[in-house]
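Visitor: One-letter residues, chain by chain:
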Amino acid sequence: MVYDAGSYDVVVIGAGHAGCEAALAAARMGCRTLLSTLSIEHIALMPCNPSVGGPAKAQVVREIDALGGEMAINTDKACIQMRMINTGKGPAVQALRAQADKHQYHWAMVDTLLQQPGLDLLMAEVEKIEADQSGVAAVVTRTGARYLCKAVVVTSGTYLKGRIIIGDVIYDGGPNNQVPAMKLSQSLMELGLTLGRFKTGTPPRINRRSVDFSKMIEQPGDERPLRFSYLSPLEPRQQISCWLTHSTPLTHQIVMDNIHRAPMFTGVIKGRGPRYCPSFEDKVVRFSHKSSHQLFIEPEGRNTDEMYVQGLNTSLPEDVQLQVLRSIPGLENVHMMRTGYAIEYDYVIPSQLKLSLETRVIPGLFTAGQVNGTSGYEEAAGQGLIAGINAALKVQDREVLILKRSEAYLGVLIDDLVNKENDEPYRLLTSRAEYRLLLRQDNADLRLTAKGREIGLVDDVRWEAFSLKLDRLEAAKKQMVETTFTPGDAKMTSFLAAQNSAPLKDRISLWELLRRPEIEIGQLVEQGWLEEAPPDILEQLEIQSKYEGYINKQREQVKKFEKLEERRIPEDIDYGEVYGLSNEALQKLQAIRPRSIGQASRISGVNPADINVLLINLEKARRKS
Amino acid sequence: MQQETIAAIATPPGEGGIAIIRVSGSEAIAKVGAIFKPRIKDRALNQLHGYQMILGWIVDDQGQPIDECLLAVMRKPHSYTAEDTVEIHCHGGVLAARQCLEQVLGQGIREAYPGEFTQQAYLNGRLDASQAEAVIEIIRARSKKALNLAVKQLSGYNSRYIHRLEDRLIQAAALIEASIDFPEEVGEPDYEEIARLLAEVQHHLGQLLAAGKRAEIYRSGVKVVICGKPNVGKSSLLNWLSGRDRAIVTEIPGTTRDIIEEYVNIKGIPVRLIDTAGIRKTEDRVEAIGVQMAQQAISEAALAIFLLDITSGITLEDEEVFHSLNPDRTIILINKDDLVEKQIDHERIQACFPGIPVIFGSVREEQGLNELQNRVEAMILSGLGREGEVEMLLSARQQQILQDCQEHIESVSEILGQVSLDCLAVEISELLEDMSELTGKSLKADAIERIFRDFCIGK
Ligand SMILES: Nc1nc2c(ncn2[C@@H]2O[C@H](COP(=O)(O)OP(=O)(O)OP(=O)(O)O)[C@@H](O)[C@H]2O)c(=O)[nH]1
Ligand SMILES: [Mg+2]
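In order, the protein sequence lines correspond to chains X and U.
Counted the way my numbering counts, the first sequence spans residues -19 to 605.
Counted the way my numbering counts, the second sequence spans residues 14 to 472.
Rather than coming from a laboratory, the hints here were simulated on the basis of the structure.
C-beta: ideal position from N, C-alpha, C; glycine also.
Any given hint could be a false lead.
[Said to hold, decoys possible] To give an idea of the chain X side of the interface with chain U (calculated C-beta under 10 Å), a few residues:
id	residue
1	36
2	57
3	318
4	409
5	512
6	514
7	529
[As the list claims (entries may be wrong)] Straight-line alpha carbon distances no greater than 27 Å define the calculated DSSO-like cross-link-like pairs of lysine-lysine that follow:
id	chain 1	residue 1	chain 2	residue 2
8	U	54	X	533
9	U	294	X	539
10	X	600	U	54
11	X	539	U	54
12	U	54	U	89
[What the hints assert, rightly or not] Calculated from the model, a selection of chain X residues having no Cβ within reach of chain U, i.e. all distances over 10 Å:
id	residue
13	70
14	316
15	319
16	410
17	430
18	534
19	599
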């Protein structure tokens, strides 16, 4: 029996990393929001690695924070170790990475959700979305509750028709032995969406007390205090180490001896797996010349002895997994607490989405996260945030939020998802971004916080902190440009000599001086030339000065790029009427319906001649009207 | 929308006559102005009103004239494309026009695709809507043609070189990107390997460029000028090389007063041979103009054959002629070696004109002339690789890209190890993008693919 259970502005289906961001964003923007999950005990679950950040992902976490999302704050709360990686490779690719306490991450997020006004939590399985071409109407749960709503965000992760595979043991299931969502796929298909099937996997977990750490190399966190969120306090914390070990020739021998039992070779697994996250058996086969692979043993939390074996994703039979583990230095007597597995799941082919993450077939229906064929907590959370924002904007009848490739990694992520064909789960890489030098983790707030404020997601606390930072930054920069030194300046001359830096030839400003690689901003403060300021301000000044040349170069590239982005294509364009398009381009344009000429030019299968044809037709149409 | 500035030869290909280069776009006047030297000193291109003309020279980077040209300026929207437009009327024919075009493209102006001026005109509202479909036909036809051309160029023999080039560049990019995106699995990038790959790319670029120039030489030919003081035998040599009595030959110095041109074939290379008036100080007005034209011809030629008369020794006049020559592009022929009175020997020549290749011979007795032709061929092709290595015809645009890439790699090699990896990556992706333009496929995506192929990554 279906009964009327209430009505909301926005319903979010699934409370993983995408769903939590979507629900919080919608509620914070003033929408009455329902967050429905299969299990309240598994909200914001990290079913795979217990870490957040790394190259490209750290930038995304900072972007989420800058817009007023939750992931950065929550990671800071649950963090048990933090490191800055890629430090020697330049500010654009430096990236923060945190080990998180999985349980604390979950609890902290539940706490935030519960405290959020306008947001209701519900444990239920949504089986059906009621909608038609004019929009969504309601969602219906397995137990018959019908919730009326104006927008729905599907953030169901890898739960859609999930299938767990461990050797020849196969059963229906979501990650971490959760129940899968078996009905929602059908409902999405009935609404006109095409689904694909992907595969991913996770390594076994082991008991800390059975590990011999003396045979491993310790990987401590950075000593200096670090944080993801611009709002979190910057203070030292108690950190827990990770440990580095490696596989041995014996390990590889065990894999090869049992390869005939591996699901990916027996043909049991049909879904495509990601190449950047291959299973261990895949690595052994494909890189047979390597006699050893690195493995990191990472703690899953403070109050648990479970540890994660990074690098050992596998769906080998359980007995082989145990043999493999025990062939690894330090794990000779290991106790395996959870078995590694592969999981296959349905995903929504993302070329069916607009750049706002709204589906093209059903107005008001949004999808975000792993259900869109991506991988990674950060990618999921970022999409969830954008989908939640746009669902709220839709309900409020406001202009959508679309971030450009030149503004944010989130822009790159969504633009790639919609326009490029992907035959494996999509992972963000810094190399996918054209304007990497502009999209740094240190300037995410400068790029996005004003936007977050405009849509109503950035609260007063964040806005005031940001405004203060901006003022101080501009004042300091002004001072640096205006403070100049002549070659005759005695103090400067002796300072430069002490730094092994060339003497001045002409008058030079403090700003120009800082461009010299051997000069650090801290020294300028020490000398009393520059006022003392918080570390993030000094860091910002230093990057902006030292990399000014390259930053300006990329700004020029962006100008060119944005010209085509701003050239909008009318939403009601009939591509069938566009004279002269190639067949392939016609099909692709009809399917994806790009917003701008720029977007059209990135669609696989649309070539430059088609773009010119399109330009001429647009001009023709413009003149007619 | 603001249009990119583009340029192309607008007149149909063919020998002789005036060729017109059209340059259209917001930067047309400024950028052509930078390589134009007006005949009347203080008239600059940017001071011209629409529909005005100006005479002068398109000059090379050293300020040396490439060709005498008449420039017409049209200001937007009163031009065919409705953009600022400069038309360069080259007096030196197609060959000179091509050189001028290369110089224009060297200013960072893009070569127009066939039909692109018409497209600009349409997008700027110059043509009426019924013409839109005609424009589209041109675009479709050109994309097909470009495809055919690309396929032809990249098939078989030549593709090996292009692919090797792309491969090394992608490999360098992948080394950098893998280290950035997968620091734990890959570690620090191997800078030595990157340097080695870039050096290889540079080598291949050089080969391609040389091959392109060589092919261009066989296709379009080169200008060779015969010069020297009066009566040394210049016209005799022209007649001999062309196999007919084209020029008047007499024993009277100052016989040739005008420029005489003849197309000849030297070792398979089409050569536009130019006989000039003997250069000397003269009161005769007609002859003086001839001497002036001779000097102009010398500055435009790819190579000069400098004739001396063995019986007259090395005179002041000879040294004056030599001053107007480029020593790297000169061959000396000591003529009339059949006569007994010899006033010039090897030592004298070496002392006066060090390092210039010298041949002793006689046009009358047909001595040393085969050697002369071998020398001419060798000098024209010098630095352009051997036949059979790479064969490739490059458009002016392609040549420009290759040249840009080469210069870019040079600067990248200099900063390697001094800039941080993220900045180095900016440079490498620019290179990839330039190369993509050459082959028409995105190499950036290939670099990401390469990471997955070559590096064992993943948690
Ligand atoms: N003995 C001898 N006489 C030659 C030779 N080559 C040319 N002559 C003669 O030299 C004279 C001048 O020859 P041209 O070919 O008219 O010389 P030119 O350099 O063109 O002279 P101008 O046009 O006056 O500058 C003619 O009488 C030729 O017959 C040679 O190899 N040996
Ligand atoms: Mg003569």
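Visitor: Against each hint, give a clear statement of whether it holds in the structure.
Guide: Comparing the hints with the structure gives:
{"no.": "1", "hint": "36", "result": "holds (7 Å)"}
{"no.": "2", "hint": "57", "result": "violated (24 Å)"}
{"no.": "3", "hint": "318", "result": "violated (16 Å)"}
{"no.": "4", "hint": "409", "result": "holds (5 Å)"}
{"no.": "5", "hint": "512", "result": "violated (27 Å)"}
{"no.": "6", "hint": "514", "result": "violated (24 Å)"}
{"no.": "7", "hint": "529", "result": "holds (9 Å)"}
{"no.": "8", "hint": "U/54 / X/533", "result": "violated (37 Å)"}
{"no.": "9", "hint": "U/294 / X/539", "result": "violated (59 Å)"}
{"no.": "10", "hint": "X/600 / U/54", "result": "violated (46 Å)"}
{"no.": "11", "hint": "X/539 / U/54", "result": "violated (38 Å)"}
{"no.": "12", "hint": "U/54 / U/89", "result": "holds (26 Å)"}
{"no.": "13", "hint": "70", "result": "violated (3 Å)"}
{"no.": "14", "hint": "316", "result": "holds (18 Å)"}
{"no.": "15", "hint": "319", "result": "holds (18 Å)"}
{"no.": "16", "hint": "410", "result": "violated (6 Å)"}
{"no.": "17", "hint": "430", "result": "holds (25 Å)"}
{"no.": "18", "hint": "534", "result": "violated (7 Å)"}
{"no.": "19", "hint": "599", "result": "violated (6 Å)"}
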